[in-house]
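Engineer: The primary structure of each chain is shown beneath.
Protein chains: 2
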Amino acid sequence: MPERIGKYTLKISNNVTIRSGVGVVGKKESEGPLGKYFDIAFSDNKLGQPSWEKAESALQKTAVCELLKRNNLVNADIDVILAGDLLNQCISSTFGLRELNIPFLGQYGACSTMAQTMAVGAVFVDSGAAERAVAVTSSHFCSAERQFRLPIEYGGQRTPTAQWTVTGAGAALLDKSNGDVSVKYITVGRINDWKVKDANNMGAAMAPAAADTLYHFFTDTGTKPSDYDMILTGDLGKVGSQLLKELLQKENINISENHHDCGLMIFDLEGQDVHAGGSGCGCSGSVFCSYIMKQLRAGKLKNMLFMATGALMSPTSSQQGESIPAVAHLLNIVSNA
Amino acid sequence: MPERIGKYTLKISNNVTIRSGVGVVGKKESEGPLGKYFDIAFSDNKLGQPSWEKAESALQKTAVCELLKRNNLVNADIDVILAGDLLNQCISSTFGLRELNIPFLGQYGACSTMAQTMAVGAVFVDSGAAERAVAVTSSHFCSAERQFRLPIEYGGQRTPTAQWTVTGAGAALLDKSNGDVSVKYITVGRINDWKVKDANNMGAAMAPAAADTLYHFFTDTGTKPSDYDMILTGDLGKVGSQLLKELLQKENINISENHHDCGLMIFDLEGQDVHAGGSGCGCSGSVFCSYIMKQLRAGKLKNMLFMATGALMSPTSSQQGESIPAVAHLLNIVSNA
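Chains A and B, in that order, are what the protein sequence lines are.
Going by the working numbering, the first sequence opens with residue 1, and the numbers climb by one from there.
Going by the working numbering, the second sequence opens with residue 1, and the numbers climb by one from there.
Honestly, I wouldn't trust all of these hints.
A pair counts as met if it fits within one copy or between any two copies, since identical chains are not told apart.
What the hints assert, rightly or not - Listed below are the simulated DSS-like cross-link pairs for lysine-lysine, each with C-alpha atoms no more than 27 angstroms apart in a straight line:
| id | residue 1 | residue 2 |
| --- | --- | --- |
| 1 | K176 | K245 |
| 2 | K224 | K69 |
| 3 | K11 | K176 |
| 4 | K11 | K224 |
| 5 | K36 | K245 |
| 6 | K46 | K195 |
| 7 | K69 | K197 |
| 8 | K11 | K184 |
| 9 | K197 | K294 |
| 10 | K69 | K46 |
| 11 | K197 | K46 |
| 12 | K245 | K69 |
| 13 | K11 | K197 |
| 14 | K302 | K245 |
| 15 | K36 | K302 |
None of these hints come from the bench; they were simulated from the model.
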């Protein structure tokens, strides 16, 4: 059973295993520094679908179906699927997963979704509410651009702080199979709003939430950054990562030795012209479920923190002059490999 | 700890109490048949806010703050808040709750959100992941109309199958206080898509999901409709309620004796000119958290089923010619009063 530690952290007590992960990406991501680690890469970013939204649904469905196949499971073996994405009303998830006949709990955490779905999945599995849970999320450059920013065809100039939404999906299987990779602690984040209003600077909007959650995790567990091989954020990018380090430094917490960010790992920032880095639910989703899971299963990572951050605004709220609230959820993941 | 019963149902084992509920509504709802039962009614549907979206956020915040006040709790007493709504990127929830500093897990289940947030909350409380959880949702006629259908100012003709989105919010507090009202079972629903495409006929789109979840609940628990005082759906309205009864009749399950629908209870269909009934997350949210909770706490309802249904489409998916998938989540709630 999960046990509360300190004010914000849960100890996952029953050896909840992340048994397997599948990361699926598009063409640009497959050409980046982590290209060879992804489980499936599509050269056609439309995946043969008539719209970008349907392509994103297909990314998510592909990730889940591949995950089940690799683990010799059928849909009926999964007790609950936790899924979410950036599109209005989470249609990548609902349309992508509608044919699977698996009990479905839609999650909304914007780009924190991979951490949120795994955290909720860990509670369900640890408590016995589910024997097996799947956590999944996705994003797509083209569906995100036209919903949140400008039509692709417009060819608008991007600001230096802008990030590039990853075309990708990640799916993870949680159970009690006593595998090598397990969830030890989770910290559910609070909404932080530092009144950043620039929708082209998500990193700055999200960094305070990341600092808040990380601070609470260290306080609740009595640990420090050097206790971990890696402190991995989802998509803070160049601007947000720098800001996170500065915010934590004020609390005398130094993460500069072992902090990494999926948004900075997935692309070659200069060579691939992505300005401040990658972003989107699919950024941390695909990087965690493929590259990081492979490192954990190989024992190259032994004790790490995975924290994904989400910007909780919409185009409507931005048009109404609102700032960008954000949230960050964290998992401490250990490997016995 | 939650215990799995049959294929789809969880037995909530540790006396998880719905300690309190607060239902907040707008003017039209306060003039309907349940008017006197709501905890707070606003005569100004804008709640003094500059936009409908901000008004909806204020509904949700009002419901949560009133809930805490009535239970002599402060924000820091709540371990997790589970919230969701219909607006793009769930901004009613994120903006409404951002100042509360409570760990936040955004839920997306469209109009099933009140049932989903209470179900997830019950798992968190039962397992010890949270000592106290708050479940909250909202909807607003004006923010929903302009997002999903037409600008209010257009004054479009409504079809006979159309439903009227409730302006309202519901918030419930779950803990282990051994109160009179407790959650006994939950059934998490699967996505059902019977290829209904008419965005003005949500009841028809959602009825199959409701039938599926109810069928699984009866099968898993070995119970029948007459075992319950009331089988309450969220917002199937006139068309969907009739369809639900017909679908279940084919499985020899007759719910016509004790089925009720929040969407049919909240308005006087003829007198208030709402066609097929009320709808929206705030419909089942406000009705359950005020009227039904009062009936349960008074012992007038002893053993009931609350099942809210959600239509999982977006304007984008409808414009792309897609059908409307739906989901339904169920709670069996008992009273010892």
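Engineer: With reference to the structure, classify each hint as holding or not holding.
Structural biologist: Structure-based check of each hint:
In this assembly of identical chains, K176 and K245 lie within 27 angstroms of each other by CA distance neither inside one copy nor across copies; the values are 35 angstroms within and 40 angstroms between. Taking the shortest Cα distances, K224 and K69 never come within 27 angstroms of each other, neither inside one copy (39 angstroms) nor across copies (37 angstroms). For the homomeric pair K11 and K176, the shortest alpha-carbon distances inside one copy (15 angstroms) and between copies (20 angstroms) are both at most 27 angstroms. For the identical chains of this complex, K11 and K224 are intra-copy neighbours only, at 17 angstroms inside a copy versus 39 angstroms across copies, given an alpha-carbon limit of 27 angstroms.
Taking the closest pair of Cα atoms, K36 and K245 never come within 27 angstroms of each other, the shortest separation being 29 angstroms inside a single copy and 53 angstroms across copies. With identical chains, the CA atoms of K46 and K195 are at most 27 angstroms apart between copies only, with a shortest distance of 23 angstroms across copies and 36 angstroms within one. Taking the shortest alpha-carbon separations for K69 and K197, neither the intra-copy value of 43 angstroms nor the inter-copy value of 32 angstroms comes in at or below 27 angstroms. Taking CA atoms no more than 27 angstroms apart as the test, K11 paired with K184 passes in both settings, with 6 angstroms inside one copy and 26 angstroms between copies.
When the C-alpha separation of K197 and K294 is checked against a cutoff of 27 angstroms, the pair qualifies neither within a copy, at 37 angstroms, nor between copies, at 42 angstroms. In this assembly of identical chains, K69 and K46 lie within 27 angstroms of each other by CA distance solely inside one copy; the values are 23 angstroms within and 51 angstroms between copies. In the homo-oligomer, the alpha carbons of K197 and K46 lie at most 27 angstroms apart only across protomers (24 angstroms), although the nearest pairing inside one protomer, at 32 angstroms, exceeds that limit. Taking the shortest Cα distances, K245 and K69 never come within 27 angstroms of each other, neither inside one copy (40 angstroms) nor across copies (38 angstroms).
With identical chains, the CA atoms of K11 and K197 are never at most 27 angstroms apart, being 35 angstroms at best within one copy and 45 angstroms at best between copies. For the identical chains of this complex, K302 and K245 are intra-copy neighbours only, at 23 angstroms inside a copy versus 55 angstroms across copies, given an alpha-carbon limit of 27 angstroms. Within a single copy, K36 and K302 get their C-alpha atoms as close as 22 angstroms, which meets the 27 angstroms cut-off; across copies the closest is 59 angstroms, which misses it.
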